[in-house]
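Could you slot chains P, B and W onto chain D? The hints should help.
Chains as they are written, first to last, in this note's numbering: chain D, 1 to 342; chain P, 1001 to 1342; chain B, 2001 to 2342; chain W, 3001 to 3342.
Errors might be hidden in some of the hints.
What the hints assert, rightly or not - List time: in silico DSBU-like cross-link candidates among lysine-lysine, alpha-carbon distance up to 30 Å:
{"#": "1", "chain 1": "P", "residue 1": "Lys1188", "chain 2": "W", "residue 2": "Lys3188"}
{"#": "2", "chain 1": "D", "residue 1": "Lys139", "chain 2": "D", "residue 2": "Lys93"}
{"#": "3", "chain 1": "W", "residue 1": "Lys3079", "chain 2": "P", "residue 2": "Lys1188"}
{"#": "4", "chain 1": "P", "residue 1": "Lys1038", "chain 2": "W", "residue 2": "Lys3188"}
What the hints assert, rightly or not - Per label pair, the in silico range of CB-to-CB distance:
{"#": "5", "chain 1": "P", "residue 1": "Asp1057", "chain 2": "D", "residue 2": "Thr91", "range": "50 to 58 Å"}
{"#": "6", "chain 1": "D", "residue 1": "Arg298", "chain 2": "B", "residue 2": "Asn2190", "range": "43 to 51 Å"}
{"#": "7", "chain 1": "W", "residue 1": "Pro3077", "chain 2": "D", "residue 2": "Arg298", "range": "24 to 32 Å"}
Stated by the list, open to error - Below, a sample of chain D positions facing chain P; criterion: calculated Cβ distance under 7 Å:
{"#": "8", "residue": "His25"}
{"#": "9", "residue": "His52"}
{"#": "10", "residue": "Ser181"}
{"#": "11", "residue": "His282"}
{"#": "12", "residue": "Gly285"}
{"#": "13", "residue": "Ala338"}
{"#": "14", "residue": "Cys340"}
{"#": "15", "residue": "Phe341"}
{"#": "16", "residue": "Pro342"}
If you're looking for bench data, these hints aren't it; they were derived computationally from the structure.
Every residue gets a Cβ at the ideal spot worked out from N, C-alpha and C, and that includes glycine.
What follows is each chain in one-letter form.
There are 4 protein chains.
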Amino acid sequence: MTHSIAIIGASGYTGAELIRLIATHPSFEIAALAANSKAGQSVGAVFPHLRHLTLPDLVTWEQIDFSEIDLCFCALPHKTSQEVIAKLPKTVKIVDLSADFRLRDPEDYKTWYGNTHAAPDLQKEAVYGLTEFYREDIKSARLVAGTGCNAATGQYILRPLIQAGVIDLDEIILDLQCGVSGAGRSLKENLLHAELSEGTNAYAVGGTHRHLGEFDQEFSALAGRPVHIQFTPHLGPFNRGILATAYLRGAADAVFETLSAAYADEPFVQVLPMGETPSTHHVRGSNFVHIGVVPDRRAGRVIVVAALDNLCKGSSGQALQNANLMLGVDELSGLMLAPCFP
Amino acid sequence: MTHSIAIIGASGYTGAELIRLIATHPSFEIAALAANSKAGQSVGAVFPHLRHLTLPDLVTWEQIDFSEIDLCFCALPHKTSQEVIAKLPKTVKIVDLSADFRLRDPEDYKTWYGNTHAAPDLQKEAVYGLTEFYREDIKSARLVAGTGCNAATGQYILRPLIQAGVIDLDEIILDLQCGVSGAGRSLKENLLHAELSEGTNAYAVGGTHRHLGEFDQEFSALAGRPVHIQFTPHLGPFNRGILATAYLRGAADAVFETLSAAYADEPFVQVLPMGETPSTHHVRGSNFVHIGVVPDRRAGRVIVVAALDNLCKGSSGQALQNANLMLGVDELSGLMLAPCFP
Amino acid sequence: MTHSIAIIGASGYTGAELIRLIATHPSFEIAALAANSKAGQSVGAVFPHLRHLTLPDLVTWEQIDFSEIDLCFCALPHKTSQEVIAKLPKTVKIVDLSADFRLRDPEDYKTWYGNTHAAPDLQKEAVYGLTEFYREDIKSARLVAGTGCNAATGQYILRPLIQAGVIDLDEIILDLQCGVSGAGRSLKENLLHAELSEGTNAYAVGGTHRHLGEFDQEFSALAGRPVHIQFTPHLGPFNRGILATAYLRGAADAVFETLSAAYADEPFVQVLPMGETPSTHHVRGSNFVHIGVVPDRRAGRVIVVAALDNLCKGSSGQALQNANLMLGVDELSGLMLAPCFP
Amino acid sequence: MTHSIAIIGASGYTGAELIRLIATHPSFEIAALAANSKAGQSVGAVFPHLRHLTLPDLVTWEQIDFSEIDLCFCALPHKTSQEVIAKLPKTVKIVDLSADFRLRDPEDYKTWYGNTHAAPDLQKEAVYGLTEFYREDIKSARLVAGTGCNAATGQYILRPLIQAGVIDLDEIILDLQCGVSGAGRSLKENLLHAELSEGTNAYAVGGTHRHLGEFDQEFSALAGRPVHIQFTPHLGPFNRGILATAYLRGAADAVFETLSAAYADEPFVQVLPMGETPSTHHVRGSNFVHIGVVPDRRAGRVIVVAALDNLCKGSSGQALQNANLMLGVDELSGLMLAPCFP
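Looking at chain D on its own, in the form it has when it is part of the complex (with noise of 0.2 Å):
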């Protein structure tokens, strides 16, 4: 049985990863293709790596005849997302990977995002699309929001650590660094190759990035008390993958054990052997999440580092996984590709 599939944002990054994707899977079929801003294109005229498939072309939003479709990626930016998905017909499943159905709370949603939500009925609705941790809410979902891919990364290092208790919830830090694509296709001057190749920043340093909402509402939930991480994000010059090191409190041991039993039976999440770490060259353009844990030279304290691919498992690889769960369908249809190294 073939699904019909829409993506409505087509002409960003992870617009072109879900077709990337989707093209290999053997169920899915695209049929139809918006970005209003590009309508009457052609996908390979705006991503000409994408010129080989056979594909409708692009169209505005408004423009889709939604009662053929059985799911509808929406990868618009943020804002923008909420008016869309408001005025798209209920009966369409929907995987959003926009930033503005993460939030539960529309204050948090203001307070991090800075105007008042547009739908606050879909955001009471919709389901957080941490695929290992909701998978049986996603099933039954008919809207799910990707979450953050920074978000993404490091719950996969302290989900299972804080439900477990083996940690300190008051010293948790975490230290990213960030491949140029999860800026996606923006103009700006600092994601130009000449401003950013050959060195590193620091940016929303001191706690004001937005991936925080996701951080405390989730791990505030887990834990049944608030927990309010630190978190530094840093610009490095390569394309795609996310390396997170998590300084915590707590014994190596337990670390290591809790990481391994949450994930024996994750296909796209492994944990490597104790004292090994892991790189994102090894995940670049897959679904898969590497897990490396250290204890320090200073006993009590431990070293997690994880990475994964924010295109593919922190964004469009994720919604994948949740529209194969929604639709019934294996989940690990389309996202076994092997990461492209080197």
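Below, chains P, B and W alone, put in the same frame as chain D:
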């Protein structure tokens, strides 16, 4: 029906690329992986990006039971390859990725590689592995010689044009930019990140690059007279990709029409609209070739640019395409991965 | 004696490079820096790498008191440059880094740049700024037109050879790889790190690049007859550097001797030993040009490769060298920084 | 007055960087260059970017006539360095760039480096080379031990804060991203462009990096009690630069004021305005350090970020700064090159 596959030389980049591609192949199963210097290790230890796969550990090639192998990829260095293949049972089908069986004439081999060929009978038997042009021979071959990655790129531009007689055979200049993975996983100073990134240089200038042996052999055979092109490769600061810029004499329209006709039914070769030129970014990680034709401002001169991924279409992807033909499975199997961009 | 310097267009890359070079110049002092869109800001705010310098804040060019300026560098976009320079007092010496005064013929200018020149008198007055070949004229010039960076690279190879008559004037092919800083600090999709890194492509193929206007003008004047070369630039994933590979007809020995003799006394142009070729890595951040000559395997054909830093020798370094001459100071002042490798 | 300089270990990156810097030093003259493995070669053959300089050919260090040398830089690997320096005449001033004389306690040395120190007397004599904090000792020293590049970066953040008592000494976490030139010109698989570019990874996680020996020694001495920080370096895909992100407990204002006061008169250390953070792009190729302070959202926590160029301020620039002091010349001589951006 599942085919049993062995890879000898599995610890190099082309070996890893074969594993990556076969990982999603519907009817190939990797039965044995040899890498004599790393025998005993797991693939995940040598290539952590493949750690999610269930694969046999690395062995020496002598340990492989070839009675259970349908086809063996040989990804060894040249010279070693001819020695090893000479010792393999004559019943096993082989796709060799080295330079050892590309040149049909033992004298040519000696000229370009410096040593007397150790297996001249096999050299005679081998079919040149440029799939689109040797498809029928490859289907019935036992031993196929993978082409040089630069040689493949140049031939995609030039073979149809030479055959059609639409360019001047004495005035062919081929200028290449090659990604560094073409040099393999070898420890050389000029391949270090600190030496190679952030700049470029020509190498093997003046007609000394060994892939000229292939060009001379193939183009002269096609033309029925000696053809000696000019060829200058450059080493660029990127891992995957070859961009070939050919400076030719002929009518741009005839060149464009000849190429368009030649590749009209080829699933992996895309001729861009007249006047557009390709980018290696848009074929990275895939088996596709993009070709563009542009007339020069001086009448009678035309520039043709081609892009492919040296590790995939230029090497391991080509090898898999040939293996598909040799084993009678769909030529596209395992090869329709879309390019990984950005 | 200290010379008072102004820079108009100080917020672009060539402006920043001028400041970097002048920072260690023994007798130049920056008296005014203009960047109309960023007037009021400090240089450190716009270019944090210059924050250690004591510099005047950015102003509009209209705010500069030119009665106190000995020489003004103008690093504006073309078209804007001619309009601004036309309004500057005729007493101030000017080195223009734009394309506006490179072509002497108003018709040529219109052909290549599309608009009628707004200051044809100044166009007539301007001296072409390729220092090694216009040194005497530059010394007494009031207005010097900096050359195109690609145009400079090609001319370092070709001018001596054309003048000496040792190559076939109708068979000149120039293939270039250019670093991205040559495109300036402009917000274009193809200049984003995510689009540009990890690959390469040709652009302005077929004879449409504007620097051909300079080649045509200069080579035809030198030869006393029309000379129209073929020229294809490529965009490489590196910030600084141009590598030009010229395919020529002539005797390699004569070519080598001609270049060696031409540059024997030039402090910034180094001809490598016969058979060696240069790398952009080895001129990065400096005012040096490296040139190498290699005979092709086909008699009568020769390849010449040149490397320089587009922002320095190809633009701001050249401009400073010219300013030194115009103000009667040592030509090498401020320009002997060694390349920054690795 | 001109000072006669020798460099032992001139064929590595720190050796090359010393030559680059000394090339524009007004009163230093390179009298001898040793590189035993490449003795007999010209510098231009080993480092083509230095080919424009008039320099002595490489010799073995045993061939140097030290009676004519005022100061010798020793840029050898650790362990070799202590053996060679022990054999040099006691009259020659030495700046050692290896790790051999950084630790004052022979036991500490053995703990971190594994071998018994071969020159414990020299170890005792050596002055630790972090210029801003040992300036007076360095002026009168005969033997100065260059610091580790990571160790330098961390100390620029932490020394003033420890000394002023404004941070919690038991809660210091230092997270670093290091450019690859810090690993030297060594042929290791993980330093190849194909392995390193386009991604990042942590290494020496958990407190095993040798620069911790320096941190422990220096911070404990400063505090008058044991201080053991947490420290995780990451390897980034860029050649030059270290970015250190320190997670500290203390009042952001006090931290900012302490750092601002400490470096108010230091020519090479720039404290950015409160809330701004630095980038390695903006110190590349220079002797400058940029430091930024940001309060965390959680009261009592503060993040300090520092950036420097590991080859320059972290190694050879520091060495030259120390040599200037030791020879009584202006401390800034040869070191005011502006960063090379982009």
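Which of the listed hints are broken here?
8
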